[in-house]
Amino acid sequence: MRLSKKDLLAISELQKEEIELILSTAVTFKEVLGRDIKKVPTLRGKTVVNLFFEPSTRTRTSFELAAKRLSADCINISSSSSSLTKGESLLDTAKNIEAMQADIIILRHSSSGTPALLARHLKSSIINAGDGTHEHPSQGLLDLFTIQEKKGTIAGLRVVIVGDILHSRVARSDIYGLKKMGAEVEIVGPPAMIPQSSDQWKVTTRYDLDKAVVGADVIILLRLQLERQGKGFFPTLREYARLYGLNASRLAKANSGVLVMHPGPINRGVEISSDVADGLSSVILDQVTNGVAVRMAILYLLSGQSHE
Amino acid sequence: MKKIILDPPEIARIITRISHEILEKNRGFKGIALVGIQTGGVFLANRIHQKIQEIDSVSVPLGELDITLYRDDLGLKKVGTPTADVPTIKTTSIPFDLTGLSVVLVDDVLFTGRTIRAAMDGLIDFGRPKQIQLAVLIDRGHRELPIRADFVGKNLPTAHNEKVEVRWKESGDDDYVCVINNEEGNP
Chain A
1 MRLSKKDLLA ISELQKEEIE LILSTAVTFK EVLGRDIKKV PTLRGKTVVN
51 LFFEPSTRTR TSFELAAKRL SADCINISSS SSSLTKGESL LDTAKNIEAM
101 QADIIILRHS SSGTPALLAR HLKSSIINAG DGTHEHPSQG LLDLFTIQEK
151 KGTIAGLRVV IVGDILHSRV ARSDIYGLKK MGAEVEIVGP PAMIPQSSDQ
201 WKVTTRYDLD KAVVGADVII LLRLQLERQG KGFFPTLREY ARLYGLNASR
251 LAKANSGVLV MHPGPINRGV EISSDVADGL SSVILDQVTN GVAVRMAILY
301 LLSGQSHE
Chain B
309 MKKIILDPPE IARIITRISH EILEKNRGFK GIALVGIQTG GVFLANRIHQ
359 KIQEIDSVSV PLGELDITLY RDDLGLKKVG TPTADVPTIK TTSIPFDLTG
409 LSVVLVDDVL FTGRTIRAAM DGLIDFGRPK QIQLAVLIDR GHRELPIRAD
459 FVGKNLPTAH NEKVEVRWKE SGDDDYVCVI NNEEGNP
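For the protein sequence lines, the chains are A and B, in the order given.
The numbering used here applies: residue 1 is where the first sequence begins, and numbers increase by one.
The numbering used here applies: residue 309 is where the second sequence begins, and numbers increase by one.
It is worth saying that the hints were derived from the structure and are not from the lab.
A few of these clues could be false.
Stated by the list, open to error - Here are the in silico distance ranges between beta carbons for each label pair:
#, chain 1, residue 1, chain 2, residue 2, range
1, A, Glu-17, B, His-468, 28 to 38 Å
2, A, Gly-45, B, Ile-312, 35 to 45 Å
3, B, Ile-455, A, Ser-82, 17 to 27 Å
4, A, Ser-24, B, Gln-361, 31 to 41 Å
5, A, Gly-215, B, Glu-478, 16 to 26 Å
To be verified - Straight-line Cα separation of at most 25 Å, DSS-like style, residue types lysine-lysine; simulated pairs:
#, chain 1, residue 1, chain 2, residue 2
6, A, Lys-151, B, Lys-398
7, A, Lys-38, B, Lys-462
8, A, Lys-68, A, Lys-95
9, A, Lys-5, A, Lys-95
10, A, Lys-38, B, Lys-398
11, B, Lys-310, B, Lys-462
12, A, Lys-39, B, Lys-398
13, B, Lys-398, A, Lys-30
What the hints assert, rightly or not - One-sided excerpt, in silico: chain B residues whose CB lies under 8 Å from chain A:
#, residue
14, Leu-377
15, Tyr-378
16, Asp-381
17, Met-428
18, Phe-434
19, Glu-470
Glycine residues also receive a C-beta, built at the ideal position from the N, C-alpha and C atoms.
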């Protein structure tokens with residue numbers, strides 16, 4: 001088995017078998033992370049570049065750690081310290097990085113489609129670490145991995161995704177991945193934050209969280225992007241928390257053994273109450289742990305194959 | 309052309325002999341551990357483990373090791389296979405501390421020695437064994453590294469293009485060792 005493309009741009013482009021390959025490979029890397037020496041020499045001599053044009057703690061650190069655990073060399077470039085502030089175009093920056101023999105470039109950018117642009121022009125493998133409102137495939141894959149690890153399977157589960165679906169690339173990656181793996185997906189949020197195009201995903205849309213949580217096996221909360229506050233998507237934070245925040249009384253209506261997930265960073269008291277975030281159902285920190293294993297699997301599968 | 313080299317009773321006798329040799333060399337079962345290399349070596353290690361249990365009524369520590377992450381040919385193009393598959397990683401499980409133990413690495417076929425090199429690198433990531441020994445069912449020659457087995461089931465001179473196939477009961481067949489001659493149609 002191998003991945004069919006040199007890049008990982010979107011879960012919507014992956015076949016179910018490719019998702020399964022990534023998830024099963026990640027299981028073996030999770031074992032490596034449990035050892036005393038959490039490092040293997042697999043990608044010795046490979047170079048991985050983190051090219052981040054948006055703030056990130058989790059994703060960048062997770063990719064960096066994944067690369068280092070595989071013995072690859074890892075370099076971080078962030079927008080503020082790069083030549084883009086001198087007016088160099090993204091493509092030129094990326095071509096220069098490739099000219100330094102980078103094998104894998106991990107890109108986060110505020111414009112949807114920029115990873116695809118680099119993938120077309122460069123021979124290096126490109127991994128999308130979040131592009132605009134398009135996709136965040138590694139997050140989607142680690143969510144699938146966490147659900148499969150905790151529940152044993154993904155097919156047939158009722159998964160509710162709550163929040164700002166309109167602006168969320170995590171939601172898109174989750175929806176594509178969950179549907180391909182056979183889960184039943186519901187999206188919930190304020191009407192202004194549900195995209196008109198949501199019909200194409202073949203998911204159930206609701207506006208009432210109290211009804212949606214009934215019988216849920218997994219609840220995925222999205223970060224309320226506070227930077228969008230005041231743009232008319234919702235009246236006040238307090239109202240959002242009252243209508244769409246997950247608290248203990250709402251959680252009690254879900255199925256027993258429900259998983260509460262969140263891609264982070266969490267806004268305590270807004271989309272999630274503190275007791276739920278720290279409660280027994282929460283697997284938010286497991287997601288972070290699993291993120292490293294899943295990203296090791298992605299790096300391994302992309303560099304293990306000889307393309308061209 | 310496929311030629312049978314060892315049949316089930318012969319393989320059983322070899323396992324009995326290797327088990328006795330391991331106990332003899334190490335002066336008993338104390339301080340030894342068995343680690344099978346995925347996948348054929350795991351089956352052989354299990355059999356040796358059973359046999360030692362029959363001989364000395366003791367269960368020595370037993371582990372399994374996958375060497376994929378320690379290979380030296382990852383991402384290298386093999387001639388004629390431009391879209392080589394990425395090797396599937398199998399289970400590694402060493403549920404004991406191997407520091408201070410004499411670890412017997414177990415594999416079915418010893419060929420270039422590269423697998424054993426990778427396995428030794430892998431083992432050392434789990435601790436500092438007192439000694440690493442090597443037990444194989446078949447030594448077919450053509451070494452590319454300075455590696456030698458301590459316990460050999462059968463020395464089998466082969467041509468480089470021949471294939472040695474070891475089948476195990478555990479993977480749904482009977483125990484057999486065959487040599488397949490590549491020039492006669494078997495890819």
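Hints versus structure:
{"no.": "1", "hint": "A:Glu-17 to B:His-468: 28 to 38 Å", "result": "holds, 35 Å"}
{"no.": "2", "hint": "A:Gly-45 to B:Ile-312: 35 to 45 Å", "result": "holds, 43 Å"}
{"no.": "3", "hint": "B:Ile-455 to A:Ser-82: 17 to 27 Å", "result": "violated, 48 Å"}
{"no.": "4", "hint": "A:Ser-24 to B:Gln-361: 31 to 41 Å", "result": "holds, 32 Å"}
{"no.": "5", "hint": "A:Gly-215 to B:Glu-478: 16 to 26 Å", "result": "violated, 43 Å"}
{"no.": "6", "hint": "A:Lys-151 to B:Lys-398", "result": "holds, 22 Å"}
{"no.": "7", "hint": "A:Lys-38 to B:Lys-462", "result": "violated, 37 Å"}
{"no.": "8", "hint": "A:Lys-68 to A:Lys-95", "result": "holds, 23 Å"}
{"no.": "9", "hint": "A:Lys-5 to A:Lys-95", "result": "holds, 20 Å"}
{"no.": "10", "hint": "A:Lys-38 to B:Lys-398", "result": "holds, 17 Å"}
{"no.": "11", "hint": "B:Lys-310 to B:Lys-462", "result": "holds, 18 Å"}
{"no.": "12", "hint": "A:Lys-39 to B:Lys-398", "result": "holds, 17 Å"}
{"no.": "13", "hint": "B:Lys-398 to A:Lys-30", "result": "holds, 12 Å"}
{"no.": "14", "hint": "Leu-377", "result": "holds, 4 Å"}
{"no.": "15", "hint": "Tyr-378", "result": "holds, 6 Å"}
{"no.": "16", "hint": "Asp-381", "result": "violated, 10 Å"}
{"no.": "17", "hint": "Met-428", "result": "violated, 12 Å"}
{"no.": "18", "hint": "Phe-434", "result": "holds, 7 Å"}
{"no.": "19", "hint": "Glu-470", "result": "violated, 26 Å"}
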